[in-house]
Amino acid sequence: MPGDQAALVSPDLPLRANLSARENIALIPLYQRHYSAGEAARQAQALLEQLGFATIADKRDPDMSPSERFVAKLGRALILRRPRLVIERPGAMLYDIHYPAFLREIAARFEDTPANWEVFDFDWNRPLYD
Amino acid sequence: MEFLLNFVERTGAKAMGWWSTSYGVLAFLSEVLSTLARPATWNRATLDTIIKQIYFTAVQILHVYLIYVLAISWVIITITLSTARDVGLFDAATEMIIRVLLLELLPFLTALLIALRSGSAINTEVALMKVNNELDALSHCRVEPMQFEFLPRIIGGIASVIGLTVLGSVLTLILAYLSIYGLSTSGFAAFSNTISSVFSVGVLAGVAVKCVFFGLALTTLPMAAGLETPKKLFMVPVSVLRGMMRVFLALVLIEVVSLALEYI
Amino acid sequence: MFKNLHLKVGLFVIAVSVLALAFLAYVLHARGFFEQRMHLQLAAASAEGISPGMPLTFSGMSIGQVTSVTLNDAGGIVIKAEVSQSGARWLRVDSGFTLDKPLVGGAKIKVSTPDLSSPQLPDNATVLLLVTDPTQEIPALIERVKNILANVEHITRQDGELNSTLANAKTISTRMSGKYGVLEGVLGSEENARPVVNSLKNLEGLTAKLNEVSVRVDAMLVKTDRWLFAEDGMSEQSKQALAQVRAMLVDAQGSLKRVDELLKNAVDVSANVKDGTQDLARLRADIDDSVRKANDLLNDINRMWPFGGDADMKLP
Numbered sequence: 001m002p003g004d005q006a007a008l009v010s011p012d013l014p015l016r017a018n019l020s021a022r023e024n025i026a027l028i029p030l031y032q033r034h035y036s037a038g039e040a041a042r043q044a045q046a047l048l049e050q051l052g053f054a055t056i057a058d059k060r061d062p063d064m065s066p067s068e069r070f071v072a073k074l075g076r077a078l079i080l081r082r083p084r085l086v087i088e089r090p091g092a093m094l095y096d097i098h099y100p101a102f103l104r105e106i107a108a109r110f111e112d113t114p115a116n117w118e119v120f121d122f123d124w125n126r127p128l129y130d
Numbered sequence: 001m002e003f004l005l006n007f008v009e010r011t012g013a014k015a016m017g018w019w020s021t022s023y024g025v026l027a028f029l030s031e032v033l034s035t036l037a038r039p040a041t042w043n044r045a046t047l048d049t050i051i052k053q054i055y056f057t058a059v060q061i062l063h064v065y066l067i068y069v070l071a072i073s074w075v076i077i078t079i080t081l082s083t084a085r086d087v088g089l090f091d092a093a094t095e096m097i098i099r100v101l102l103l104e105l106l107p108f109l110t111a112l113l114i115a116l117r118s119g120s121a122i123n124t125e126v127a128l129m130k131v132n133n134e135l136d137a138l139s140h141c142r143v144e145p146m147q148f149e150f151l152p153r154i155i156g157g158i159a160s161v162i163g164l165t166v167l168g169s170v171l172t173l174i175l176a177y178l179s180i181y182g183l184s185t186s187g188f189a190a191f192s193n194t195i196s197s198v199f200s201v202g203v204l205a206g207v208a209v210k211c212v213f214f215g216l217a218l219t220t221l222p223m224a225a226g227l228e229t230p231k232k233l234f235m236v237p238v239s240v241l242r243g244m245m246r247v248f249l250a251l252v253l254i255e256v257v258s259l260a261l262e263y264i
Numbered sequence: 001m002f003k004n005l006h007l008k009v010g011l012f013v014i015a016v017s018v019l020a021l022a023f024l025a026y027v028l029h030a031r032g033f034f035e036q037r038m039h040l041q042l043a044a045a046s047a048e049g050i051s052p053g054m055p056l057t058f059s060g061m062s063i064g065q066v067t068s069v070t071l072n073d074a075g076g077i078v079i080k081a082e083v084s085q086s087g088a089r090w091l092r093v094d095s096g097f098t099l100d101k102p103l104v105g106g107a108k109i110k111v112s113t114p115d116l117s118s119p120q121l122p123d124n125a126t127v128l129l130l131v132t133d134p135t136q137e138i139p140a141l142i143e144r145v146k147n148i149l150a151n152v153e154h155i156t157r158q159d160g161e162l163n164s165t166l167a168n169a170k171t172i173s174t175r176m177s178g179k180y181g182v183l184e185g186v187l188g189s190e191e192n193a194r195p196v197v198n199s200l201k202n203l204e205g206l207t208a209k210l211n212e213v214s215v216r217v218d219a220m221l222v223k224t225d226r227w228l229f230a231e232d233g234m235s236e237q238s239k240q241a242l243a244q245v246r247a248m249l250v251d252a253q254g255s256l257k258r259v260d261e262l263l264k265n266a267v268d269v270s271a272n273v274k275d276g277t278q279d280l281a282r283l284r285a286d287i288d289d290s291v292r293k294a295n296d297l298l299n300d301i302n303r304m305w306p307f308g309g310d311a312d313m314k315l316p
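Protein chains in written order, with our numbering: chain X, 1 to 130; chain U, 1 to 264; chain Z, 1 to 316.
No lab work stands behind these hints, which were simulated from the structure alone.
Some clues are possibly wrong.
Once the Cα atoms are required to be at most 27 Å apart in a straight line, the calculated DSS-like pairs of lysine-lysine come out as [as the list claims (entries may be wrong)]: (1) U:Lys52 with U:Lys130; (2) Z:Lys108 with Z:Lys146; (3) U:Lys52 with Z:Lys3; (4) X:Lys59 with U:Lys52; (5) Z:Lys3 with X:Lys59; (6) Z:Lys80 with Z:Lys108; (7) Z:Lys146 with Z:Lys101; (8) U:Lys52 with Z:Lys8; (9) U:Lys130 with U:Lys14; (10) U:Lys130 with X:Lys59; (11) X:Lys59 with Z:Lys8; (12) U:Lys130 with U:Lys231.
Turn these sequences into a full structure, and let the hints guide you.
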């Protein structure tokens, strides 16, 4: 299945609303790779620190700002460790900041990961990236 | 002719609707069972969520439940005793109380209470998960919501019905003894005799199985109803309405079937 | 918070498990699971009304129950029962086993042991089961009560024996209480005649009383009828009362027969006054006795069955 190859960050794939950012990310090591709850939480926390957003670990979806929510979704996509990372319509998720710069800044922190980052955005937003 | 055709068409549509609903519920149940049977399900994380669900479903309302049981049992015991005294059937009063309260009323009322409180909450939550795309997000991540969302709620529901029924039954037994014999041990032998004549091992197992079915019905039916909600926010109340209606019908059906098995 | 939650759930789960296990152990103990049970075979002509689970009682206390009712190859009834070890000590070789089917309430097998010093009943013993059924006796009882009432009615009818007898007696007494009446002449003196006249006056009172008796018994029968056939209307106690009433009604029938005879005597007496005063005095004493007995009977019945005022059974 081609979907298996891509980890998606999309406005259509929200976080689990009653779980914190850390718990949302920890779901994958916990239920997919059968790590213990403590180990899964540790991995999630480490990822959030690498993203530079360790403070949102205990926040739930409704309490986060748009960029915090985006980072939590990004963390969940990153921990899937799929070859492609697709960010879909970032403007719909990061409507409160100049997102191309924000994306570049975060991507720079993950230079050494094998995943291939791709951003899908509307054509009329192209000037934003220049 | 036109009318007849319309009627047949409507009947067909209804039958199809019922079929797809039952099929959905059965498919969901079979998925529950297969998840239960998988050894990977039984890890610490699942256990933790089950504990959380038992806490929310049973422990949180324990004091309310016990007061409620106390009130209902007291009223029914008092009515039964005074009526039995009037008619001169006092000997049969203990058995009547045990049969009516312990075997039928308490399990049913417990299930009804949990269905009202947790069943409706589960239905709403699952419906919202479905409408908000959270379920799609989880399936994109290849994390099965069954293991950490659905199964713990089902097990928690069953454990809660059984646990609360046990606690309520013990409370009712004590209350019944005190109402009949007062604060004396003189009636203990007679009381034990009545209990032994009502509770065979088969009857006890029957009550336990009934509680399991109650717990299963009041968790799986709301979940199945939530899962079949169309992705429209205004359909959430409709989904809860349908789910709770099904829960009520299922509880009554289980009670009727259990009575039929016991007395026919 | 999380630890607190685990603690609470742990407490809940432990409390439920402990109570459930304790209850299970209690039920098993109450059912005699932990003690040896004694087995019995009961021989009966018919298994009608006998079902597994029916209790065996000794002095009203349950000591065991019927476990199975089957037919053997020869078509005979095999009723198996179990008795708890503590209950087995009440079973002796001369114990009687009676199937008790009350009008209301579950049937049970009553065990009665007249002599507790006789030897113990051995395990797996076969004993005879007697059957009593009060419902079969009720029609016969009603029939007898009806006969009695018919008799009473016959005696007190307008043109009945009693009335004509009393009319006769009146005529005689009028005749005899004349200034120098027959009576005085027969008895010799006025003092001797007075008790005889009094006894005849009492006879009038007796008619009135017997009328009243018949009315009251009539009313009672209507109520008894309704009462006996009201569903779930009777308890163990009323059954005993019924038996006593039956005995008393037989007694009353005897009394009324005697009244009948006495009245026949009275006819004879009035026709043949010459036979002397002794007969009349005895008649008076006997009549008084009968009236007293009839009254006692009614009082007894009234005492046991409160028919007056609020006599209707209250059903749930």
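Evaluated hints:
About 22 Å separates the Cα atoms of Lys52 of chain U and Lys130 of chain U, which keeps this hinted pair within 27 Å; it holds. Distance check on the hinted pair: Lys108 of chain Z and Lys146 of chain Z sit about 32 Å apart at the alpha-carbon level, beyond 27 Å; violated. Restraint check: the Cα-Cα separation between Lys52 of chain U and Lys3 of chain Z comes to about 11 Å, which is no more than 27 Å; the hinted pair holds. A threshold of 27 Å between alpha carbons decides the hint, and for Lys59 of chain X with Lys52 of chain U the separation of about 19 Å falls inside it, so the pair holds.
Among the hinted pairs, Lys3 of chain Z with Lys59 of chain X is consistent with the structure: their alpha-carbon atoms are about 20 Å apart, no more than 27 Å. Straight-line distance between C-alpha atoms of Lys80 of chain Z and Lys108 of chain Z comes to about 14 Å, which keeps the hinted pair within the 27 Å bound. Proximity of Lys146 of chain Z to Lys101 of chain Z is assessed by CA-CA distance (about 26 Å); at most 27 Å being required, the pair is judged to hold. Annotation: proposed proximity of Lys52 of chain U to Lys8 of chain Z holds, straight-line Cα distance about 10 Å (limit 27 Å).
A threshold of 27 Å between alpha carbons decides the hint, and for Lys130 of chain U with Lys14 of chain U the separation of about 24 Å falls inside it, so the pair holds. As the CA atoms of Lys130 of chain U and Lys59 of chain X are separated by approximately 22 Å, the hinted pair is consistent with the 27 Å bound. For the hint pairing Lys59 of chain X with Lys8 of chain Z, the CA-to-CA distance comes to about 25 Å; that is within 27 Å, so the pair holds. At most 27 Å may separate the alpha-carbon atoms for a hinted pair to count; Lys130 of chain U and Lys231 of chain U meet this at roughly 7 Å.
Going through the hint list in order, the structure does not satisfy hint 2, though it satisfies all others.
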